[in-house]
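Q: Letter by letter, the chains look like this.
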Amino acid sequence: MSSDADAPVDAGAASVEDLRAQVQALQEEVSDLREATDDDGQKSMTIIATKGTLDMAYPPLILASTAAAFGWDVVVFHTFWGLDILHEEKSKNLKLSAVGNPSMPMPNAVAALPFMDNVATSMMEKKIKENGTATVEELIETSLDMGVDLQACQMTIELMGYDEAEFYDGVTTGVGAATALQHMADADVQLMI
Amino acid sequence: MSTYEPTETLDVKGLSCPMPVVKTRGAVDDLESGEILQVVATDSGSMSDLKGWADSTDGVSMLEQEEAEEDGDAVFRHFIQKE
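Keeping their order, the protein sequence lines are chains U and Y.
Heads up, the first sequence is in the numbering used here, so the first residue is 1 and it goes up one at a time.
Heads up, the second sequence is in the numbering used here, so the first residue is 1 and it goes up one at a time.
Excised from the complex, chain U in its bound form (with noise of 0.2 Å):
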């Protein structure tokens, strides 16, 4: 009987043994994993910009901007014509195409005349000016001073002839798709603009 009563104890003190075990090769990886993804809560955001006309700059800088002020990691990525956005001379003078803009008060015929471009972008920035609207060179500034991570496309500065000077200071350059997707991969929010 002493045997039948020694056996059931044993294989109990066993698989105690077995489950301290386990719980500790769980403990670590569980540890291991808090290590691999600790990043305080913080969200991260990349925007892929590549328009650069008057209107379309304004979204990725405003929400980029607006992100940095949650206290996010941003990355923009600027490519082909969202360059331009970074340029700092381009950047003061980007236009509002007339043409193709159903909310354009004008048929496209006329609004495909030479002068109609300028005039368009003539209106849009009055209207920014009253309404109190910052200029793209004030987003791209506090952009920049709260710690978004402007970034332009080496690949597309060399396409279209440009030259690393002629950007804003604190513009990150020689980077390019592996670059941008790396910080997409772990971004909670990824926006093509």
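Every clue listed holds true.
What the simulated footprint calls covered on chain U by chain Y, stretch by stretch (three residues with Cβ under 8 Å from a Cβ of chain Y suffice, anywhere in the stretch; the number is not a length): (1) 69-78; (2) 122-136.
Every beta carbon over 10 Å from chain Y, so not counted as near; a handful from chain U, in silico: (3) Thr50; (4) Pro105; (5) Val119.
It should be emphasised that the hints constitute simulated quantities derived from the structure, not laboratory data.
The C-beta atom is built at its ideal place from N, Cα and C for all residues, glycine as well.
Here the structure of chain U is known, so what remains is to put chain Y in place on it, guided by the hints.
A: Quick look at chain Y alone, frame taken from chain U:
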């Protein structure tokens, strides 16, 4: 009138999105824990935006928001405390 006594006041009258939120962030960063910032804006979107910002940002809380009229214009006051 609000019952809160602000430590600092940030005037963002005449500025529109995203500047009220962006400038509030900077002003809050300069506060000590427990101090209260009053933000005065004319942008009606600031009611929703600053509430949303305060709710999803660690270390700040929106104590009160009020709409008033000043010289015939709507003015929005926000009282934000740094925790």
